[in-house]
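Can you build the whole structure from these sequences, using the hints too?
As given, the protein sequences belong to chains F and V, one line each in that order.
Take 399 as the starting number for the first sequence in our numbering and just add one per residue.
Take 399 as the starting number for the second sequence in our numbering and just add one per residue.
The hints are simulated quantities; they were obtained by calculation from the structure and are not laboratory data.
Possibly wrong hints are sitting among the right ones.
Because identical chains cannot be distinguished in the list, a pair is counted as satisfied if it fits within a single copy or across any two copies.
Here are the simulated SDA-like cross-link-like pairs (lysine to any residue), alpha carbons at most 25 Å apart as the crow flies [what the hints assert, rightly or not]:
1. K592 - W489
2. K592 - A502
3. K592 - L431
4. K592 - P680
5. K557 - P715
6. K592 - R668
7. K557 - G449
8. K557 - Q710
9. K749 - T633
10. K557 - T714
Number of protein chains: 2
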Amino acid sequence: MAQQHLDPTDPTAGAVTGEALAGYLRAQATEFLRALRLHRETGGTAGGAEGSVDAVRALRRSARRISGSLHTFRPLLDTGWSEEIRPELAWLSGTLGLEHAYEARLERLLLALHRLSGSTTVPAQAVGAAVGGGGTGRAAPAPPKAAAPNGNLTVGAAKAGALLDRQLTLARTRAHSTGLQALGSARFHAVADKVALLASEVPLTPAARTTDPRPLAAAAEERLTAAIAALPLVTAGHPYNAEALVHGLSPDPSPHPQDGPWHQVRLLLRLHRYAREVLLGPEVPVDLRLLTAGQALDRHRDASEAAAAAAQAARTPRIAPATAYALGVLHADQRHEVEAARFAFQQCWQKRTVTTP
Amino acid sequence: MAQQHLDPTDPTAGAVTGEALAGYLRAQATEFLRALRLHRETGGTAGGAEGSVDAVRALRRSARRISGSLHTFRPLLDTGWSEEIRPELAWLSGTLGLEHAYEARLERLLLALHRLSGSTTVPAQAVGAAVGGGGTGRAAPAPPKAAAPNGNLTVGAAKAGALLDRQLTLARTRAHSTGLQALGSARFHAVADKVALLASEVPLTPAARTTDPRPLAAAAEERLTAAIAALPLVTAGHPYNAEALVHGLSPDPSPHPQDGPWHQVRLLLRLHRYAREVLLGPEVPVDLRLLTAGQALDRHRDASEAAAAAAQAARTPRIAPATAYALGVLHADQRHEVEAARFAFQQCWQKRTVTTP
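Spelled out as structure tokens, the structure:
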């Protein structure tokens with residue numbers, strides 16, 4: 399793993415070339431293979447072991463980094479190979495991410511229901527249902543336990559919680575099966591074989607070994623900066639602008655039209671972070687601004703999807719008006735979270751804490 | 399009207415005494431009688447004339463000021479007289495305020511429904527219903543007209559709007575009748591007679607003519623400052639704290655337990671403003687901070703009551719789930735407004751723009 403420690407601002411450092419990218423890709427491919435081994439050792443197909451969840455997360459983590467770097471540094475790599483493997487890595491990380499997404503969504507919604515009910519404690523079985531029903535057995539992030547379960551929940555909120563639990567647990571169970579099927583498929587084995595090759599041999603173009611990759615990284619950062627500049631940051635920087643609640647009255651689970659540009663910035667921020675890792679090596683200093691901005695955008699995405707799940711649940715036929723009312727409050731609460739996340743992003747983005755490369 | 403122009407910070411000004419209070423009360427009593435005459439001239443009992451609405455507002459305005467000054471400067475006034483007239487003035491201004499409150503509440507909720515539906519225009523007949531159905535004929539505050547009425551409203555939002563329109567128009571019509579009855583009652587005539595006496599003769603205590611009223615005004619300001627200090631201003635100063643949504647899941651129209659202290663501050667702010675008027679005379683310089691803070695607290699009260707009205711409507715038996723869902727979103731939106739108003743209050747209260755006396 400000839401990972402180079404490069405500081406592009408250090409004039410005494412050797413020239414930065416495509417070798418930096420090759421080193422990064424080899425390291426990530428090795429991470430991928432290590433995660434895959436861990437997944438098999440922890441009884442992947444049986445499901446449920448904690449190590450398996452960690453392994454799946456590590457697989458997704460390296461798949462995202464390889465795929466992102468292939469995108470940013472496209473001109474330095476063999477085009478045919480790169481265009482073949484990228485969609486496969488995207489399919490893999492998307493498929494493997496669904497189970498955790500449903501689990502986190504249910505947990506977020508049940509916690510919100512309890513917060514909105516004025517209860518500071520969370521019934522253990524409610525959160526337990528969010529994390530114990532689909533076979534991963536992953537421990538919940540230690541929510542406070544309630545002395546009297548469901549003590550403060552209204553009937554409508556309790557019914558709304560049960561409905562969401564049923565719907566999202568079903569979705570999660572399906573995602574779990576789909577993930578296991580994917581990991582056992584010929585399609586996956588083809589990806590794994592390609593990544594195994596990548597761990598020893600990166601298909602750089604002939605020119606890449608002497609090409610400076612920094613302009614490509616700078617272009618990725620510019621795409622991020624331009625996308626952020628196009629966001630309605632003035633609105634987001636104004637608390638309580640109520641923009642995000644617009645379209646909230648229809649229990650319409652389709653993506654909120656205003657959220658798209660923010661989701662896009664989230665992806666561009668990731669690409670920028672990975673490009674920094676390529677240039678600066680594994681000991682890249684943490685850029686607190688990038689970290690905080692990324693967390694705000696994750697929270698934005700999670701709240702946006704949770705709001706859509708509440709709206710979706712409200713379309714269930716024959717639910718009681720009290721259930722629908724609670725889902726309406728819950729939807730609005732999550733759209734409120736969307737706005738709060740935009741505000742947090744805007745707040746942290748305005749201060750340049752660490753100079754980016 | 400020997401209203402004195404007093405500047406307590408001006409050492410060349412004459413001594414401030416109870417005469418300042420007497421002048422203020424005589425002036426307010428005269429305003430009250432003028433409004434009453436206007437009300438009778440514009441055909442009060444027939445209802446509906448715009449002049450009548452203005453007259454009722456002016457009646458309430460002076461009744462509040464007389465009542466508030468009697469409270470703050472209690473020790474300077476004949477106790478028996480003061481304790482007799484104050485509850486009657488409070489009854490009067492409360493009774494006369496209800497019709498406008500229901501009208502404004504419906505208008506606020508219908509505007510919110512349209513905003514939440516993503517429509518930037520408001521169907522004329524929806525707002526028309528809010529202002530034309532109860533007999534006052536007061537002009538709406540020029541909302542934008544819609545080309546295609548109800549164009550963007552979902553079925554649930556439209557039904558929720560119709561339900562609120564029905565319930566609040568009924569409440570407003572009843573309040574209108576109650577107001578007319580009150581103005582024709584013996585109880586009202588007794589108050590009016592007392593105010594007529596006040597316009598010529600203020601029952602000051604013998605000592606009041608040589609007593610400085612400023613310590614009593616300072617005490618009123620201290621009660622305000624203490625009440626504000628007891629508010630959770632740190633929470634209110636943090637945008638998107640979601641505190642106000644707590645208890646939102648139960649369609650419970652009872653007063654929100656967290657709102658009380660804010661409503662109390664609103665009343666204390668009024669008393670402070672009236673005490674300033676007593677000391678500084680009718681040409682009291684506008685304190686922008688007090689004005690803005692008062693507007694934020696009015697908005698807080700209005701949103702709090704509108705949220706309760708949405709919750710109340712959600713308890714109507716046999717409504718459709720889509721209607722209940724829309725009312726849940728609407729409730730959460732208005733609780734969001736409550737938080738935004740607290741935030742605005744906190745923001746403006748932190749900056750001392752004008753030194754208060």
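Status of the hints after comparison with the structure:
1. In this assembly of identical chains, the alpha carbons of K592 and W489 lie at most 25 Å apart only when taken from the same copy (15 Å versus 83 Å across copies).
2. With identical chains, the CA atoms of K592 and A502 are never at most 25 Å apart, being 31 Å at best within one copy and 67 Å at best between copies.
3. In this assembly of identical chains, K592 and L431 lie within 25 Å of each other by CA distance solely inside one copy; the values are 11 Å within and 92 Å between copies.
4. For the identical chains of this complex, K592 and P680 are intra-copy neighbours only, at 23 Å inside a copy versus 85 Å across copies, given an alpha-carbon limit of 25 Å.
5. In this assembly of identical chains, K557 and P715 lie within 25 Å of each other by CA distance both inside one copy and across copies; the values are 14 Å within and 18 Å between.
6. Taking the shortest Cα distances, K592 and R668 sit within 25 Å of each other inside one copy (23 Å), while across copies they are farther apart (74 Å).
7. Taking the shortest Cα distances, K557 and G449 never come within 25 Å of each other, neither inside one copy (34 Å) nor across copies (52 Å).
8. For the identical chains of this complex, K557 and Q710 are neighbours both inside a copy (15 Å) and across copies (20 Å), given an alpha-carbon limit of 25 Å.
9. For the identical chains of this complex, K749 and T633 are neighbours both inside a copy (17 Å) and across copies (23 Å), given an alpha-carbon limit of 25 Å.
10. Taking the shortest Cα distances, K557 and T714 sit within 25 Å of each other both inside one copy (12 Å) and across copies (19 Å).
The structure is inconsistent with the numbered hints 2, 7, although it conforms to all the rest.
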